[in-house]
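If you read the protein sequences in the order shown, they are chains A and B.
Note that this note's numbering gives residue 87 to position 87 of the first sequence, counting from 1, and the numbers run on in steps of one.
Note that this note's numbering gives residue 45 to position 45 of the second sequence, counting from 1, and the numbers run on in steps of one.
It is worth saying that the hints were derived from the structure and are not from the lab.
Note that the structure is predicted; figures quoted are calculated from it, not measured.
By construction, the Cβ of each residue, glycine as well, lies at the ideal position given by its N, Cα and C atoms.
Keep in mind that the hints are not guaranteed to be accurate.
To be verified - Far from chain B, some chain A residues (derived; all Cβ distances over 12 Å):
{"#": "1", "residue": "V4"}
{"#": "2", "residue": "Q37"}
{"#": "3", "residue": "Q44"}
{"#": "4", "residue": "D54"}
Claimed, not checked - The list that follows gives simulated cross-link-like pairs (lysine to aspartate or glutamate, DMTMM-like), each with its CA atoms no further than 20 Å apart:
{"#": "5", "chain 1": "B", "residue 1": "K70", "chain 2": "B", "residue 2": "D38"}
{"#": "6", "chain 1": "B", "residue 1": "K53", "chain 2": "B", "residue 2": "E17"}
{"#": "7", "chain 1": "A", "residue 1": "K102", "chain 2": "A", "residue 2": "D58"}
{"#": "8", "chain 1": "A", "residue 1": "K68", "chain 2": "A", "residue 2": "E5"}
{"#": "9", "chain 1": "B", "residue 1": "K3", "chain 2": "A", "residue 2": "E5"}
{"#": "10", "chain 1": "A", "residue 1": "K102", "chain 2": "B", "residue 2": "E22"}
{"#": "11", "chain 1": "A", "residue 1": "K56", "chain 2": "A", "residue 2": "E38"}
{"#": "12", "chain 1": "A", "residue 1": "K68", "chain 2": "A", "residue 2": "D3"}
{"#": "13", "chain 1": "A", "residue 1": "K102", "chain 2": "B", "residue 2": "D59"}
{"#": "14", "chain 1": "A", "residue 1": "K36", "chain 2": "A", "residue 2": "D69"}
{"#": "15", "chain 1": "B", "residue 1": "K70", "chain 2": "B", "residue 2": "D51"}
{"#": "16", "chain 1": "B", "residue 1": "K57", "chain 2": "A", "residue 2": "D3"}
{"#": "17", "chain 1": "A", "residue 1": "K36", "chain 2": "B", "residue 2": "E79"}
{"#": "18", "chain 1": "B", "residue 1": "K57", "chain 2": "B", "residue 2": "D26"}
{"#": "19", "chain 1": "A", "residue 1": "K67", "chain 2": "A", "residue 2": "E38"}
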Amino acid sequence: GEDVEQSLFLSVREGDSSVINCTYTDSSSTYLYWYKQEPGAGLQLLTYIFSNMDMKQDQRLTVLLNKKDKHLSLRIADTQTGDSAIYFCAEYYGNNRLAFGKGNQVVVIP
Amino acid sequence: DVKVTQSSRYLVKRTGEKVFLECVQDMDHENMFWYRQDPGLGLRLIYFSYDVKMKEKGDIPEGYSVSREKKERFSLILESASTNQTSMYLCASRNTGREETQYFGPGTRLLVL
Chain A
1 GEDVEQSLFL SVREGDSSVI NCTYTDSSST YLYWYKQEPG AGLQLLTYIF SNMDMKQDQR
61 LTVLLNKKDK HLSLRIADTQ TGDSAIYFCA EYYGNNRLAF GKGNQVVVIP
Chain B
1 DVKVTQSSRY LVKRTGEKVF LECVQDMDHE NMFWYRQDPG LGLRLIYFSY DVKMKEKGDI
61 PEGYSVSREK KERFSLILES ASTNQTSMYL CASRNTGREE TQYFGPGTRL LVL
């Protein structure tokens with residue numbers, strides 16, 4: 001399968017911006033995604049970006065895609081305590097398959 | 001809003017038992033998926049189905065089977081549960097041609113003793 005890498009842990013103060021990074025392997029991926037998982041819950045689709053875009057902004061979320069380096073990032077502006085969760089990036093690489101990173105735990109300190 | 005529901009949030013079973021995990025989606029999606037999630041390993045695809053009665057193996061199908069008799073329902077079956085199948089199981093669904101959106105259920109946390 002494809003390999004999607006994420007760092008494991010990030011702590012951030014409430015009100016600051018947080019940035020989560022991800023690298024992926026398949027240059028032909030058409031869609032890349034960010035999912036959020038709160039404790040004990042399933043995955044919630046936060047946002048996605050199509051591979052022909054460099055950036056996508058959705059309220060407090062900004063996704064940046066660097067196709068040359070196969071690097072995806074998620075910036076959360078004005079981080080709130082409700083943003084504490086595990087964040088997964090994923091890539092669609094065809095044949096109905098998504099490859100997920102191992103997740104990045106974000107802890108927001110009040 | 002798409003809704004994906006799973007029959008149980010928590011399940012405790014004994015080694016050797018047959019286990020059924022049910023997933024239902026209400027948006028007429030063609031594609032449905034079963035993943036397991038383990039600490040440090042992320043999500044791994046067990047099986048998926050792209051139509052009624054159609055199924056395809058994912059990355060870790062061993063020890064599992066699936067059933068899709070109706071479009072809205074996708075079942076994961078553990079024929080003889082083992083302790084290494086203790087995990088969080090997540091179901092998902094998506095429309096064909098809508099690769100930008102895949103929706104997940106709340107998960108079933110299975111403990112096999």
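Of the hints given before, which are not true for this structure? 1, 2, 3, 5, 6, 7, 9, 10, 11, 14, 17, 18 and 19
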